[in-house]
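Number of protein chains: 2
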Amino acid sequence: MLATLCSAALLTVAVGGQVQANDELLKLQQDPNQWVMWGGNYSGTRYSTLDQITNKNVKELRPVWTFSTGVLRGHEGGPLVIGDMQYVHTPFPNKVFAIDLNDQTVVWSYEPKQNADVIAVMCCDTVNRGLAYADGKIFLQQADTTLVALDAKKGDVIWSIKNGDPSKGETNTNAPLVVKDKILTGISGGEFGVRGRLTAYNIKDGSVAWQAFSVGPDKDMLVDPEKTTAMLKPIGKDSSVSTWQGDQWKIGGGTTWGWYTYDPALNLVYYGTGNPSTWNPSQRPGDNKWSMTIMARDADTGMAKWFYQKTPHDEWDYDGVNENILVDKEFQGKPRKLLVNMDRNGFGYTLDRETGELLVAEKYDPAVNWATHVDKETGRPEVVAKYSTAQNGPDVNTKGVCPAALGSKDQQPSSYSPKTGLLYVPTNHVCMDYEPYDISYVAGQPFVGATLSMFPAPNSHGGLGNFIAWDAIQGKIVWSLPEAFAVWSGVLSTAGDVVFYGTLEGYLKAVDATTGKELYRFKTPSGIIGNINTYTHKGKQYVAVLSGIGGWAGIGMAAGLSKSTEGLGAVGAFKQLSAYTQLGGVMTVFALPD
Amino acid sequence: MLATLCSAALLTVAVGGQVQANDELLKLQQDPNQWVMWGGNYSGTRYSTLDQITNKNVKELRPVWTFSTGVLRGHEGGPLVIGDMQYVHTPFPNKVFAIDLNDQTVVWSYEPKQNADVIAVMCCDTVNRGLAYADGKIFLQQADTTLVALDAKKGDVIWSIKNGDPSKGETNTNAPLVVKDKILTGISGGEFGVRGRLTAYNIKDGSVAWQAFSVGPDKDMLVDPEKTTAMLKPIGKDSSVSTWQGDQWKIGGGTTWGWYTYDPALNLVYYGTGNPSTWNPSQRPGDNKWSMTIMARDADTGMAKWFYQKTPHDEWDYDGVNENILVDKEFQGKPRKLLVNMDRNGFGYTLDRETGELLVAEKYDPAVNWATHVDKETGRPEVVAKYSTAQNGPDVNTKGVCPAALGSKDQQPSSYSPKTGLLYVPTNHVCMDYEPYDISYVAGQPFVGATLSMFPAPNSHGGLGNFIAWDAIQGKIVWSLPEAFAVWSGVLSTAGDVVFYGTLEGYLKAVDATTGKELYRFKTPSGIIGNINTYTHKGKQYVAVLSGIGGWAGIGMAAGLSKSTEGLGAVGAFKQLSAYTQLGGVMTVFALPD
Ligand SMILES: O=C(O)c1cc(C(=O)O)c2c(n1)C(=O)C(=O)c1cc(C(=O)O)[nH]c1-2
Ligand SMILES: O=C(O)c1cc(C(=O)O)c2c(n1)C(=O)C(=O)c1cc(C(=O)O)[nH]c1-2
Chain A
1 MLATLCSAAL LTVAVGGQVQ ANDELLKLQQ DPNQWVMWGG NYSGTRYSTL
51 DQITNKNVKE LRPVWTFSTG VLRGHEGGPL VIGDMQYVHT PFPNKVFAID
101 LNDQTVVWSY EPKQNADVIA VMCCDTVNRG LAYADGKIFL QQADTTLVAL
151 DAKKGDVIWS IKNGDPSKGE TNTNAPLVVK DKILTGISGG EFGVRGRLTA
201 YNIKDGSVAW QAFSVGPDKD MLVDPEKTTA MLKPIGKDSS VSTWQGDQWK
251 IGGGTTWGWY TYDPALNLVY YGTGNPSTWN PSQRPGDNKW SMTIMARDAD
301 TGMAKWFYQK TPHDEWDYDG VNENILVDKE FQGKPRKLLV NMDRNGFGYT
351 LDRETGELLV AEKYDPAVNW ATHVDKETGR PEVVAKYSTA QNGPDVNTKG
401 VCPAALGSKD QQPSSYSPKT GLLYVPTNHV CMDYEPYDIS YVAGQPFVGA
451 TLSMFPAPNS HGGLGNFIAW DAIQGKIVWS LPEAFAVWSG VLSTAGDVVF
501 YGTLEGYLKA VDATTGKELY RFKTPSGIIG NINTYTHKGK QYVAVLSGIG
551 GWAGIGMAAG LSKSTEGLGA VGAFKQLSAY TQLGGVMTVF ALPD
Chain B
1 MLATLCSAAL LTVAVGGQVQ ANDELLKLQQ DPNQWVMWGG NYSGTRYSTL
51 DQITNKNVKE LRPVWTFSTG VLRGHEGGPL VIGDMQYVHT PFPNKVFAID
101 LNDQTVVWSY EPKQNADVIA VMCCDTVNRG LAYADGKIFL QQADTTLVAL
151 DAKKGDVIWS IKNGDPSKGE TNTNAPLVVK DKILTGISGG EFGVRGRLTA
201 YNIKDGSVAW QAFSVGPDKD MLVDPEKTTA MLKPIGKDSS VSTWQGDQWK
251 IGGGTTWGWY TYDPALNLVY YGTGNPSTWN PSQRPGDNKW SMTIMARDAD
301 TGMAKWFYQK TPHDEWDYDG VNENILVDKE FQGKPRKLLV NMDRNGFGYT
351 LDRETGELLV AEKYDPAVNW ATHVDKETGR PEVVAKYSTA QNGPDVNTKG
401 VCPAALGSKD QQPSSYSPKT GLLYVPTNHV CMDYEPYDIS YVAGQPFVGA
451 TLSMFPAPNS HGGLGNFIAW DAIQGKIVWS LPEAFAVWSG VLSTAGDVVF
501 YGTLEGYLKA VDATTGKELY RFKTPSGIIG NINTYTHKGK QYVAVLSGIG
551 GWAGIGMAAG LSKSTEGLGA VGAFKQLSAY TQLGGVMTVF ALPD
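Taken in order, these protein sequences are the chains called A and B. Counting from 1, position 123 in the first sequence corresponds to residue 123 in our numbering; the numbering is continuous, with no gaps. Counting from 1, position 310 in the second sequence corresponds to residue 310 in our numbering; the numbering is continuous, with no gaps.
Among these hints, one or two may not hold up.
[As the list claims (entries may be wrong)] Here are the simulated DSS-like cross-link-like pairs (lysine-lysine), alpha carbons at most 30 Å apart as the crow flies: (1) B/575 with A/154; (2) B/540 with A/56; (3) A/56 with B/154; (4) B/56 with A/540; (5) A/113 with B/540; (6) A/563 with B/113; (7) A/563 with B/153; (8) B/540 with A/59; (9) B/575 with A/95; (10) B/517 with A/575; (11) A/540 with B/113; (12) B/95 with A/575; (13) A/563 with B/538; (14) B/538 with A/517; (15) B/540 with A/517; (16) A/575 with B/154; (17) A/563 with B/575.
For the record, the hints were derived by calculation from the structure and aren't laboratory data. Since this is a predicted model, take the numbers as computed values, not measurements.
Next comes chain A alone, as it looks inside the complex (with noise of 0.2 Å):
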């Protein structure tokens, strides 16, 4: 009764090696009728070229339909498209659907079998963000840093390795991305003391290729003190171990549970690392180096050509792993490799991508209040005193900071439309009072040393979130929509001037991508923090969404707390969501009539 697979691009899966494996790759993530990795492409701009759905036509948008996963949870992350085969991942126990779009039968499944003790070292629910694509595999990451290789068309594993330790408090949640013949992933824990690394493991077989560490000795991290540089200098010898006191950094988080793109012509991987462990910063002098970083590596050495750190000493959690979107743009007249990133902590950044040099820092929600400004020269942010948990010191509550811990953005990752120039931000609108303390460090225990609670950005709107459109180049506002939540899902945009985004409430909203006018909603089965993708069957465009409500913002939901200051200070300020929502599990795939 199960169809067989027949799959033009699966076909074309061969011989594997590093030039086959690149040259699909770099195909398939520019054919606009499949959907090969988190961001749609390498540039991470989760624009699609496709224009069947238009911002005339979106309000005849329906679903068509639907699956749940069978989990519970937050789902996040989004369903890859390839040839006639949709692949659907789920948080843990981190199922995989292969599911066939010509009758939506499940060609095969697979469910690891994982120790559901790592759940209790997973900071912010059960999440996974999603599945990559290569030489005829599918790629999961699992929680437990597990990473699979599983045959795209029987779903039967090729190899497995280990990629960390839960019982030291390193788990995986992010989506693994395949650049050439190797595969990068990063690790979890910034909230256990896990040492951040990027890991590329070759697609053949699992082995290592390279990794490099966030924090520590250069050997470590993949550094040239000469030639990797930092605000276009060199970042000189031990530039990490020389801040940090002692041999913290061996505990210093930077972990990289963020989302990768890569730039073919220059090769260079882009990342970010995460906030320094522990959240009490008096107990970690220094400015704790290469957290909180934007890194761009080679892809095929993992050799650092730049890091850019833009929360040093961080005082907040505001991990710095946001998505770096690959945009190609004139910026003063001249046309430029930029990356933007709309980094947790407020400000938009936009470098040049090929050296490093900050652009454009500016705050892309006006209630951020933690740094007046960032100084273009030094590239640091100013602090303001009053809302420095560092100047304040350990048990004193530093009341009313904007951002919150989950910064104006957290991993929910942004769309650039090239046709508008503009890029589409799905934000938070949430602030804090944030109380340090001390704590000390014991393997696979959590080391938070912070006590926190969240609230609505006070004299605003009331809500949680705002969905805006921003000017990478001006680093301006171009258009804010104010929401009742955290806007926690991945954003789409498309040719078809349509920008689709997903609220915790449920709703898959389509606004206009040039005014921002709300055009189509439709209350999918739980709270959207998956990410919204698109594709072509048969000829005719799809629009698929992961619903179940969870991550940071939906942990009370998703793990049952309800103390205000639980789920590491979420829990107070997203209560209201059980009024509009329940957990669930479901794809729902929309289209227009035929």
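With chain A's structure known, arrange chain B with the ligands on it following the hints.
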């Protein structure tokens, strides 16, 4: 942020008391804009006079909103709609959500605290068949037998009583029914030797009004040896105990977990009793009265008017609990008050509901082979020796019995359209091998005593189900649509000449009421075992259904069983389901475009 409840219907809710509750429900059940009880009305026709959605325009149907319940496993029953409020229930842990139809917000929700041990003594998944409403109260019959009355506006508990004892294997899955000032509820546990009964509680305070056992001494059964009839004759003294060996009736089954209907003019309540315990017939010689019986009782006193035993001395677990649909129709030229019962045993029965006279008893699946026919004089089926598990005896595998234990139809309620005069029946097309064995009774332990395996009816279309139109007067199939799986959902027929049903793969299907031609299908998130309901809101017709695979047919998926004979024999036959659907729990609401 919560919308306040503003429902004309609820505002009329008043002083309570017998006459009021009765009048209110009598009116509400005739109002097609609401859906106030499981069957839409007291007759259990599941027919709606709404006709905005027709066989002409149903192809334009589309989901307009969805709601994940946050619970997995089998979602049976369907939401109630009273005024602007929709009341949604779930399987264990039996959550209730009151949803404001104006904005789909959850006005209140209720989650009982139940000991999860009860799951182990539920025979056929953790299902719950739905809520009842009357007198400003929502009635929830929990799995652990707690019957609770909730304030329909606020969700507060008004009263709560215990209807049974899970430590003896007593549970509840049925939808209760309010008649006048009483709420009727049954009991499950035929597979645990539970002695069935129907109990009427006063809706005011939960006190017992009457209780009628299915088996046992006359006084327990609320029978009058002279006035209570069977086949038009008085049943006589000790009609039940005389058909059991010794005290066996005490653990004799005859549970009452199906659907209840009511004729206000006759003031009679109708329901069926389940299989005698155990499944090994050799251990319980006799007719095992009044298991497997349609019962008509006075709503005020519980006194039995008439009985009809469909399967004396059951040898196949053909539980006699299926819905009794009340139909007013000509029979042999005379208008008659009829009752139609599509029994598990594969015979479709039509009786005079005033007297219990047997009018029609014909097979509604040609595969049925355990009996040649029903003798109209005696009312008894003519059992085929080859398929008699009693005659073959214990430890003999009786092969190829049709239907399987889950019957030609199980709990899934049919619909009757007075417009077409047809019954629309969701059927199973499954046969079995059945090997009884001796078993001893231990309170709270399974008391099954048979090993089963099931398979599609041989020499047929290879599927496990059919959706049929049945002429209850002629006792003839009018048309039959083959289905890959048993059709386990409750049917809706409407004045728009459309019939809706759901499939285990997850399709909501709409077919033409006259021809059976498929007009629309939509793949809901999970397999459908829920009942399809319809109502209006602000003048627009909606169709709603819960999806969520489970129930006996889906027990393999729901409970994670994989051995073919597990799940009382159902696992093997339904193995292929996982190629189509996964666990879920989502309400999907459909409408035409504006
Ligand atoms: O420091 C870390 O290692 C780490 C990991 C994760 C994660 O893996 O999900 C999150 C965070 N931090 C974090 O700070 C955060 O805000 C966050 C949100 C989410 C989410 O999925 O909603 N994960 C994470
Ligand atoms: O004998 C009983 O008490 C009893 C209870 C139930 C139930 O409560 O669900 C079922 C059955 N029997 C049964 O025989 C059966 O086929 C069945 C199917 C289902 C279902 O919900 O799918 N329940 C039950």
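Verification of the supplied hints:
no., hint, result
1, B/575 with A/154, "18 Å, holds"
2, B/540 with A/56, "25 Å, holds"
3, A/56 with B/154, "42 Å, violated"
4, B/56 with A/540, "25 Å, holds"
5, A/113 with B/540, "48 Å, violated"
6, A/563 with B/113, "19 Å, holds"
7, A/563 with B/153, "26 Å, holds"
8, B/540 with A/59, "19 Å, holds"
9, B/575 with A/95, "18 Å, holds"
10, B/517 with A/575, "48 Å, violated"
11, A/540 with B/113, "48 Å, violated"
12, B/95 with A/575, "18 Å, holds"
13, A/563 with B/538, "39 Å, violated"
14, B/538 with A/517, "26 Å, holds"
15, B/540 with A/517, "26 Å, holds"
16, A/575 with B/154, "18 Å, holds"
17, A/563 with B/575, "43 Å, violated"
This entry does not satisfy hints 3, 5, 10, 11, 13 and 17, going by the numbered hints stated previously.
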